[in-house]
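Go ahead and model the full structure; you've got the sequences and the hints to work with.
Number of protein chains: 2
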Amino acid sequence: MAATPHIVIIGGGFAGLWATRALAGMPARITLVDRHNHHLFQPLLYQVATAGLSAPDIAAPLRHILRRQKNVEVRMATVTAIDTDAKRVTLDDGTTLDFDRLLLASGATHAYFGNDQWAEHAPGLKTLDDALDLRRKLLFAFERAEAASDPIERDAWLSFAIIGGGPTGVELAGTLAEIARETLRDEFRNIDPSQARVRLVEAGPRVLAAFPEELSEKARRQLEHLGVEVTLGTPVKGIAADGYTLGDTFVPAKTVVWAAGVAASPLGAMLDVPLDRAGRVLVQPDLSIPGHPDIFVAGDLASLVQANGKPVPGVAPAAKQMGRLAARNIRARLAGETTTAFVYKDYGNLATIGRMAAVVDLGTLRFSGILAWWFWLVMHVFFLIGFRNRLVVLLNWFWAYWSYQRAARIILGEDRDHPAMERP
Amino acid sequence: MAATPHIVIIGGGFAGLWATRALAGMPARITLVDRHNHHLFQPLLYQVATAGLSAPDIAAPLRHILRRQKNVEVRMATVTAIDTDAKRVTLDDGTTLDFDRLLLASGATHAYFGNDQWAEHAPGLKTLDDALDLRRKLLFAFERAEAASDPIERDAWLSFAIIGGGPTGVELAGTLAEIARETLRDEFRNIDPSQARVRLVEAGPRVLAAFPEELSEKARRQLEHLGVEVTLGTPVKGIAADGYTLGDTFVPAKTVVWAAGVAASPLGAMLDVPLDRAGRVLVQPDLSIPGHPDIFVAGDLASLVQANGKPVPGVAPAAKQMGRLAARNIRARLAGETTTAFVYKDYGNLATIGRMAAVVDLGTLRFSGILAWWFWLVMHVFFLIGFRNRLVVLLNWFWAYWSYQRAARIILGEDRDHPAMERP
Chain R
131 MAATPHIVII GGGFAGLWAT RALAGMPARI TLVDRHNHHL FQPLLYQVAT
181 AGLSAPDIAA PLRHILRRQK NVEVRMATVT AIDTDAKRVT LDDGTTLDFD
231 RLLLASGATH AYFGNDQWAE HAPGLKTLDD ALDLRRKLLF AFERAEAASD
281 PIERDAWLSF AIIGGGPTGV ELAGTLAEIA RETLRDEFRN IDPSQARVRL
331 VEAGPRVLAA FPEELSEKAR RQLEHLGVEV TLGTPVKGIA ADGYTLGDTF
381 VPAKTVVWAA GVAASPLGAM LDVPLDRAGR VLVQPDLSIP GHPDIFVAGD
431 LASLVQANGK PVPGVAPAAK QMGRLAARNI RARLAGETTT AFVYKDYGNL
481 ATIGRMAAVV DLGTLRFSGI LAWWFWLVMH VFFLIGFRNR LVVLLNWFWA
531 YWSYQRAARI ILGEDRDHPA MERP
Chain P
131 MAATPHIVII GGGFAGLWAT RALAGMPARI TLVDRHNHHL FQPLLYQVAT
181 AGLSAPDIAA PLRHILRRQK NVEVRMATVT AIDTDAKRVT LDDGTTLDFD
231 RLLLASGATH AYFGNDQWAE HAPGLKTLDD ALDLRRKLLF AFERAEAASD
281 PIERDAWLSF AIIGGGPTGV ELAGTLAEIA RETLRDEFRN IDPSQARVRL
331 VEAGPRVLAA FPEELSEKAR RQLEHLGVEV TLGTPVKGIA ADGYTLGDTF
381 VPAKTVVWAA GVAASPLGAM LDVPLDRAGR VLVQPDLSIP GHPDIFVAGD
431 LASLVQANGK PVPGVAPAAK QMGRLAARNI RARLAGETTT AFVYKDYGNL
481 ATIGRMAAVV DLGTLRFSGI LAWWFWLVMH VFFLIGFRNR LVVLLNWFWA
531 YWSYQRAARI ILGEDRDHPA MERP
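Residue numbers (this note's numbering), protein chains in the order written: chain R, 131 to 554; chain P, 131 to 554.
Honestly, I wouldn't trust all of these hints.
Which copy is meant is left open, because identical chains are indistinguishable; a pair holds if it fits in one copy or across any two.
Unchecked claim - In silico EDC-like links for lysine to aspartate or glutamate, alpha-carbon gap of 16 Å or less:
(1) LYS200 / GLU347
(2) LYS440 / ASP246
(3) LYS475 / ASP222
(4) LYS200 / ASP316
(5) LYS200 / ASP285
(6) LYS475 / GLU343
(7) LYS217 / ASP402
(8) LYS367 / ASP246
(9) LYS440 / GLU343
(10) LYS440 / ASP222
(11) LYS440 / ASP476
(12) LYS440 / ASP372
(13) LYS200 / GLU317
Simulated from the structure, these hints should not be mistaken for lab results. The model shown is predicted, which means the values in this text are computed figures rather than measured ones.
Shown next as structure tokens:
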């Protein structure tokens with residue numbers, strides 16, 4: 131082995147960044163590759179989409195986070211090929227990285243389950259750019275409704291549907307209902323924004339399926355209290371520019387948001403090892419891949435069933451824990467020691483629903499409502515990277531609470547769906 | 131005349147918004163049209179481009195600003211035609227607005243003086259989208275330099291040129307030098323960002339030509355102290371993807387920014403009245419246009435030489451004053467009274483250069499340096515719309531001062547110049 135081993139880590143999300151930090155001080159050369167220049171705090175991404183926070187509030191440049199960790203070099207690039215036998219990664223700028231150890235942590239993207247044509251009409255939410263696109267789409271719908279002379283068209287612009295009752299769908303629906311009912315009050319002359327219909331559509335029997343049934347039911351009631359119409363047990367069969375098909379019924383709605391499914395990053399397939407149905411890499415208990423003890427996968431891209439028979443969930447704490455264990459196993463392997471199997475420590479599950487509403491499941495302790503919301507807020511602010519981000523997010527939250535206003539109601543970028551509205 | 135006159139105001143910048151507010155309480159129906167949903171505080175736009183502020187920090191939704199002014203309806207749309215005889219404005223969504231009085235205040239855009247092919251390589255700065263594009267371009271150049279293996283290519287990525295020594299050029303150059311020397315310190319492994327060359331190129335004999343000569347000279351010295359190379363008296367003769375031609379010399383530079391010229395909004399030409407060389411509308415002393423006493427033009431789009439022989443400058447205070455006078459004259463004309471001629475009240479001129487450096491010209495009182503910078507800061511925060519924006523901008527400034535960090539160093543959007551860097 132070369133004097134200084136080269137460790138390549140792909141992905142600066144929770145798994146990749148936590149692994150990188152866990153390798154601090156190690157006599158190794160680490161290259162962290164990400165296609166963005168920032169680490170993103172995904173749990174608050176819906177707040178950027180709903181104009182409560184600015185993009186930089188929940189992101190920090192990877193270089194800045196890692197500036198004092200001298201064994202790391204950060205590269206902003208997209209991976210175009212991984213050769214597991216030659217131990218080589220190719221980047222889109224044409225350069226190659228030869229590695230001794232590889233950690234692939236490129237995460238997940240949204241998936242339309244074979245209905246990719248829906249993507250055009252029902253965007254999803256995974257990156258900051260997605261969030262800004264979605265913000266434009268949501269705010270723009272009210273502008274179009276205000277300008278519409280035909281009442282049927284106006285109603286279609288005031289009809290919103292969120293497809294998928296998981297945490298993202300619930301957050302988006304609850305916040306959008308608050309925007310329509312409170313934030314936009316008094317600002318329009320031809321429409322009453324509070325008449326907007328916000329529907330949350332879930333194919334399964336309940337929202338927040340990862341939570342105990344009693345909390346799902348509480349979440350549903352809190353959503354309806356905020357003004358969201360919740361439809362359960364009916365799958366969406368089609369999505370078009372002017373509405374969607376629910377069971378056998380076409381529902382007019384100009385704005386449909388996709389929060390129904392995630393699939394693994396396409397980089398997983400480059401490893402040439404078995405994947406699960408969602409495209410995730412079936413990892414060994416120590417997070418390495420079969421036949422390649424020097425290659426590890428962590429985070430949302432890794433598929434692992436624990437010894438207790440439960441799959442590791444695709445949540446931020448699991449990604450961080452996996453990242454740290456992968457780093458530990460990389461160290462072990464470089465030292466010629468044996469690796470350790472991953473054991474997920476489940477500290478609980480929380481989801482926010484909207485203004486002062488959330489559900490918390492800490493195993494034995496379950497609660498919902500205002501107290502859960504405060505708990506959710508404190509945990510999320512605490513886990514944000516960067517003191518300044520914490521301060522600004524708190525400030526924005528107090529502002530939003532006190533004024534019902536949302537700080538970032540600025541439509542950015544050109545609207546691709548409505549080219550006539552582009553800048554001349 | 132109809133019972134309730136309809137006043138159409140085009141443009142929600144300083145002129146249009148100040149006119150709209152000056153018409154509060156009037157028994158009229160006002161429609162304010164803007165192609166964006168927000169009023170933008172343009173004097174701080176360079177801070178968004180240089181990652182010091184987020185886009186929403188310096189913008190506020192027009193609807194929100196005007197929510198309590200019940201005689202105003204806000205329309206987000208682009209004007210496609212103005213018929214001055216039929217008194218009708220056509221919007222890009224196909225609707226038309228019949229007006230009794232019109233105020234056109236659609237401002238200015240950047241101009242390449244017949245070299246429109248330069249726009250592709252040297253973007254300008256007028257809108258929030260421009261600022262985010264420019265931010266991406268500036269931050270991305272350091273990423274490319276870090277990844278470059280060829281030293282000549284690396285140097286080209288570390289070479290920046292700002293074309294134009296007016297206030298925007300000076301602000302951009304000073305701030306970019308600070309980013310290279312201080313903000314990015316320690317974050318790169320293959321390059322030393324402080325070795326970046328930031329050149330400010332001005333064809334005329336001095337920077338900040340609107341200021342007294344002594345302040346221009348002080349500004350030049352402050353720029354050089356910050357690390358900017360200032361080139362005076364040499365025009366740029368060409369701009370390409372990999373550099374620009376200064377006089378007869380080609381200078382390699384991957385990043386060139388255009389801050390050299392503005393032209394009037396193209397809507398001015400729709401009025402079918404004489405324009406000046408920059409495309410601005412030659413208005414009457416009362417800001418109406420020849421032959422159409424019911425149509426007014428205000429702000430950067432209006433060209434007016436005052437009684438003292440001096441042209442009204444294209445600055446924010448002049449736009450606000452023009453907007454207010456146009457409103458007063460619209461009121462006067464509706465009441466059958468005579469209109470008033472515009473007189474520009476010049477309270478002084480200030481420009482910022484970079485960290486703790488600025489110049490202030492209050493006529494008899496002229497100063498520069500740290501004191502001028504504080505004066506500039508207080509004035510700009512004071513004139514921002516919205517208490518929250520003021521608070522956040524102040525917070526960001528203290529943060530930047532204390533930590534040398536810039537809060538918004540997040541690369542957003544796809545890079546159109548380098549499609550290989552797009553998301554897969």
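A quick look at each hint next to the structure:
| no. | hint | in the structure |
| --- | --- | --- |
| 1 | LYS200 / GLU347 | neither (50 Å within a copy, 42 Å between copies) |
| 2 | LYS440 / ASP246 | neither (30 Å within a copy, 61 Å between copies) |
| 3 | LYS475 / ASP222 | neither (37 Å within a copy, 56 Å between copies) |
| 4 | LYS200 / ASP316 | between (54 Å within a copy, 9 Å between copies) |
| 5 | LYS200 / ASP285 | neither (57 Å within a copy, 23 Å between copies) |
| 6 | LYS475 / GLU343 | neither (22 Å within a copy, 68 Å between copies) |
| 7 | LYS217 / ASP402 | within (13 Å within a copy, 68 Å between copies) |
| 8 | LYS367 / ASP246 | within (13 Å within a copy, 48 Å between copies) |
| 9 | LYS440 / GLU343 | neither (18 Å within a copy, 75 Å between copies) |
| 10 | LYS440 / ASP222 | neither (37 Å within a copy, 55 Å between copies) |
| 11 | LYS440 / ASP476 | within (11 Å within a copy, 73 Å between copies) |
| 12 | LYS440 / ASP372 | neither (41 Å within a copy, 55 Å between copies) |
| 13 | LYS200 / GLU317 | between (52 Å within a copy, 9 Å between copies) |
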